[in-house]
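K.L.:
Protein chains in written order, with my numbering: chain X, 166 to 700; chain S, 594 to 929.
Take the hints with a grain of salt, since some may be wrong.
[What the hints assert, rightly or not] Pairs of lysine-lysine residues, derived as BS3-like cross-links and limited to a Cα-Cα distance of at most 27 angstroms, are as follows: (1) X:K392 to S:K679; (2) S:K785 to X:K392; (3) X:K293 to S:K678; (4) X:K500 to X:K473; (5) X:K358 to S:K679; (6) X:K318 to X:K293; (7) X:K659 to X:K587.
Worth flagging that the hints you see were computed from the coordinates, not collected in a lab.
All of these numbers come straight from a predicted model, not from anything done at the bench.
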Amino acid sequence: MKANFVKVALGAGLLAATALAAPTAASAKTLVYCSEGSPEGFNPSLYTAGTTFDASSRQVFNRLVQFKRGTTTIVPGLATSWDVSADGQEYTFNLRKGVKFHTTEDFTPTREFNADDVIFTFMRQFDKEHPYHGVSGGSYEYFNAMSMPDLVKDIVKVDDYTVKFVLNRPEAPFIANMAMDFASVLSAEYADKMMEAGTPEAVDLNPVGTGPFQLVAYQKDAVIRYKAFPEYWEGKAAIDNLIFAITPDSTVRYQKLKAGECHVMPYPNPADLTEMEADADINLLSQEGLNVGYLGYNTAKEPFTDPKVRKALNMAINKDAIIEGVYQGAGSAAKNPIPPTIWSYNTETVDDPYDPEAAKAMLAEAGYPDGFSTDIWAMPVQRPYNPNARRMAELVQADWAAIGVNAEIVSYEWGEYLERTKKGEQGTFMLGWTGDNGDPDNFLAVLLGCDAVGGSNRAQWCNEEFDNLIQQAKTTSDVLERTRLYEEAQVVFKREAPWATIAHSIVFEPIRNEVVDYKIDPFGGHIFYGVDLAE
Amino acid sequence: MLGFLFRRLGDIIPTFFGVTLLVFFLIRLIPGDPIIMLAGERSVEPERYAELQAQYGFDQPIIVQYFDYLVGVFQGDLGKSFVTKKPVIDEFLTLFPATVELALMGILFAVFIGVPLGVLAAINRGKWIDHLTMSISLTGYSMPIFWWALLLIMFFSTTLGWTPVSGRLSVMYFFEPVTGFMLIDSLLSGEKGAFTSAVSHLILPTVALGTIPMAVIARMTRSSMLEVLGEEYIRVARAKGIAPFRVIMIHALRNALIPVITVIGLQVGVLLGGAILTETIFSWPGIGKWIIEAMNRRDYPTIQGGILMIAFVVMSMNLIVDLLYGIVNPRIRYKR
Numbered sequence: 166m167k168a169n170f171v172k173v174a175l176g177a178g179l180l181a182a183t184a185l186a187a188p189t190a191a192s193a194k195t196l197v198y199c200s201e202g203s204p205e206g207f208n209p210s211l212y213t214a215g216t217t218f219d220a221s222s223r224q225v226f227n228r229l230v231q232f233k234r235g236t237t238t239i240v241p242g243l244a245t246s247w248d249v250s251a252d253g254q255e256y257t258f259n260l261r262k263g264v265k266f267h268t269t270e271d272f273t274p275t276r277e278f279n280a281d282d283v284i285f286t287f288m289r290q291f292d293k294e295h296p297y298h299g300v301s302g303g304s305y306e307y308f309n310a311m312s313m314p315d316l317v318k319d320i321v322k323v324d325d326y327t328v329k330f331v332l333n334r335p336e337a338p339f340i341a342n343m344a345m346d347f348a349s350v351l352s353a354e355y356a357d358k359m360m361e362a363g364t365p366e367a368v369d370l371n372p373v374g375t376g377p378f379q380l381v382a383y384q385k386d387a388v389i390r391y392k393a394f395p396e397y398w399e400g401k402a403a404i405d406n407l408i409f410a411i412t413p414d415s416t417v418r419y420q421k422l423k424a425g426e427c428h429v430m431p432y433p434n435p436a437d438l439t440e441m442e443a444d445a446d447i448n449l450l451s452q453e454g455l456n457v458g459y460l461g462y463n464t465a466k467e468p469f470t471d472p473k474v475r476k477a478l479n480m481a482i483n484k485d486a487i488i489e490g491v492y493q494g495a496g497s498a499a500k501n502p503i504p505p506t507i508w509s510y511n512t513e514t515v516d517d518p519y520d521p522e523a524a525k526a527m528l529a530e531a532g533y534p535d536g537f538s539t540d541i542w543a544m545p546v547q548r549p550y551n552p553n554a555r556r557m558a559e560l561v562q563a564d565w566a567a568i569g570v571n572a573e574i575v576s577y578e579w580g581e582y583l584e585r586t587k588k589g590e591q592g593t594f595m596l597g598w599t600g601d602n603g604d605p606d607n608f609l610a611v612l613l614g615c616d617a618v619g620g621s622n623r624a625q626w627c628n629e630e631f632d633n634l635i636q637q638a639k640t641t642s643d644v645l646e647r648t649r650l651y652e653e654a655q656v657v658f659k660r661e662a663p664w665a666t667i668a669h670s671i672v673f674e675p676i677r678n679e680v681v682d683y684k685i686d687p688f689g690g691h692i693f694y695g696v697d698l699a700e
Numbered sequence: 594m595l596g597f598l599f600r601r602l603g604d605i606i607p608t609f610f611g612v613t614l615l616v617f618f619l620i621r622l623i624p625g626d627p628i629i630m631l632a633g634e635r636s637v638e639p640e641r642y643a644e645l646q647a648q649y650g651f652d653q654p655i656i657v658q659y660f661d662y663l664v665g666v667f668q669g670d671l672g673k674s675f676v677t678k679k680p681v682i683d684e685f686l687t688l689f690p691a692t693v694e695l696a697l698m699g700i701l702f703a704v705f706i707g708v709p710l711g712v713l714a715a716i717n718r719g720k721w722i723d724h725l726t727m728s729i730s731l732t733g734y735s736m737p738i739f740w741w742a743l744l745l746i747m748f749f750s751t752t753l754g755w756t757p758v759s760g761r762l763s764v765m766y767f768f769e770p771v772t773g774f775m776l777i778d779s780l781l782s783g784e785k786g787a788f789t790s791a792v793s794h795l796i797l798p799t800v801a802l803g804t805i806p807m808a809v810i811a812r813m814t815r816s817s818m819l820e821v822l823g824e825e826y827i828r829v830a831r832a833k834g835i836a837p838f839r840v841i842m843i844h845a846l847r848n849a850l851i852p853v854i855t856v857i858g859l860q861v862g863v864l865l866g867g868a869i870l871t872e873t874i875f876s877w878p879g880i881g882k883w884i885i886e887a888m889n890r891r892d893y894p895t896i897q898g899g900i901l902m903i904a905f906v907v908m909s910m911n912l913i914v915d916l917l918y919g920i921v922n923p924r925i926r927y928k929r
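All chains should be built: construct the whole structure from the sequences, respecting the hints.
P.N.:
As structure tokens, this is what we get:
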């Protein structure tokens, strides 16, 4: 029986070998990306998952402004330039001419990209009466999360190639918002045609964009196929076909990469990194992620209302041990609440040193010579900014025990955890953040601003000095001035210590040697325009 | 026979109803609000939360929600996924053939390897062949599927390069699915090499999925065969000088198969459970992987619809097995 099995396997193996060899001989350049999951859909404004953005906005669409590949720098996209009014409340975008939309089975564009497409894209999300607002579930979570409904007063078509956004208040991060995935520009002509045909959902399922790749087919949970758009305004992509082979298990993704069944894979298993580094066929890229993992104090609750207590606890935490034990080396110690890849990162601030003796003394000074009892909330999920919250909580628990603070580790189901920390039931808690648009405001105001208390400011920290600085930085579009204000805000943060900043994770991406000029995206995306395959 | 069929069909209706009740309320008992899960770290404004609740119908009393759901189910509408916004039934029908194809291959593997192994062990009772086959089946039974699957991939795909690592077909082939069964579609496509590619992709998942049922079937066949081989009519058959092969295959095996068929029927449930792990590891686009993902996201309509459909399939399989008894053993008659 055993012999029979080997025969069967051998025979089939030979068959497989011939089967795999035949089609790869084709001359077109095909890049296979072993993606980690299925997209929720193909309209990026309806969703929030990175997997969906990889499959839609990052290949198929463009935005008015974009991030330069591999950086958080904003560069012109479908807008060639933009002007900001003196009061900071009007943004006028000058649109690019000669940009073509994809031609698909259902749609052949009769005109080039113009202001109507921009108006359609944003009005669909903004105007609840818009005929497309309720299509495909009609929830625009990112548009809402970035406070766009409150921020935008009106969107005006000045002429065919000029669009003006009128805001309710000056908001400097607005331009960074326009580079985000939800702001991907859809074709108004296609939308009209589908509405006429009575199939408006088709717009969100069979995307028509201006991007470097156009969708050919999607087989749920299996494969997504794209082909290079020959008339792409930045020039045709170097690869001819792009294939996403959906492979949810990280070990299997690695096996596929090794076997040459894919060229690029995301999210490797940390345990495989050493082997990947040693593999001659694989090039292991790495870059600091646009994120921060932190331990927050509930500053509305005794004894964490006292900055001295918070500082003392910060000094008792051995970050090096955490980076070794939790991040397995794939992280760097964080001193500021924003990662170093974001502009205005303050290099001058000094981190609280690891010094249990000094921590003990400071705790005594704050009136707790014998320590106290509290809790540490550990997230039940794995995140890039915190790969193992439970383990991290255990390490911190031991560190604090050394200065007389007894902490009990608490955990809840993820939804519960988020809800309860929002309400402030915790003493101390672990969480983190991954940047959305590369603007410092996206970390500092969202996580630490007074407006966010009761929302994503789970430390319940509202400091007037800090808040004034970040509010001021919002109202000026002068980058130098904003940088100065944010740097100062980080000094206040460090002094007041509402969090123990733990680490910024390091992102790893193994690619095969034949992949040329692939760059890690700081936002965690996977972008294949600009990538080539060596012959 | 017909009366029995109708009676069993009558039994299915309350069971089906019970499943809807159980699934609907159980998933709502699991902590985790789908809206909060969707928002993650960034939290939702209370007004927006209320809006979304109304959109998903969560603002209604739970009994009303259940009733609405039930009315939908009886009209063949399982609702729309919270995540993809597509009808659950459409997603199920797209993915189900992949699971059926894999489960079918798994059960064929289990039967065609398991039954002969069991017979071989039984007729060689106490000899080394018996010990060897039973150790193989015990090992197979004890092997966790995910571990076994990874071992298979590492050995056959990465080290030897004989089989592809995962998926249903080489990504280099592309054709529109007709039946959803890759073996059939690849033949229909007329693309050279597509069928062999589909076959080669099926081998490892089939072995990984079929190993545990194969072990169970082998052990069951062995003990059932041993019992039958001790019966007097076997001795009579042998005494009459019937060829030993005929005695074993016709007289013994056919009678020994009744408990084995019961086990095979029960293994269908096990296979669908095992498919969840196998599909995840082999990136097999079936319903197992789909339901797991829906659970993680608290996508209620998908979980409800998916489990309901699986329950339906398992119930139908059990009915078919009951009917099969009569064909295998004419002594079994279905009485009113």
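K.L.:
Hint by hint, say whether it matches the structure.
P.N.:
Hints and how they fare:
no. : hint             : result
1   : X:K392 to S:K679 : holds (25 angstroms)
2   : S:K785 to X:K392 : holds (22 angstroms)
3   : X:K293 to S:K678 : holds (19 angstroms)
4   : X:K500 to X:K473 : holds (17 angstroms)
5   : X:K358 to S:K679 : holds (21 angstroms)
6   : X:K318 to X:K293 : holds (14 angstroms)
7   : X:K659 to X:K587 : holds (22 angstroms)
Checked against the numbered hints above, the structure violates none of them.
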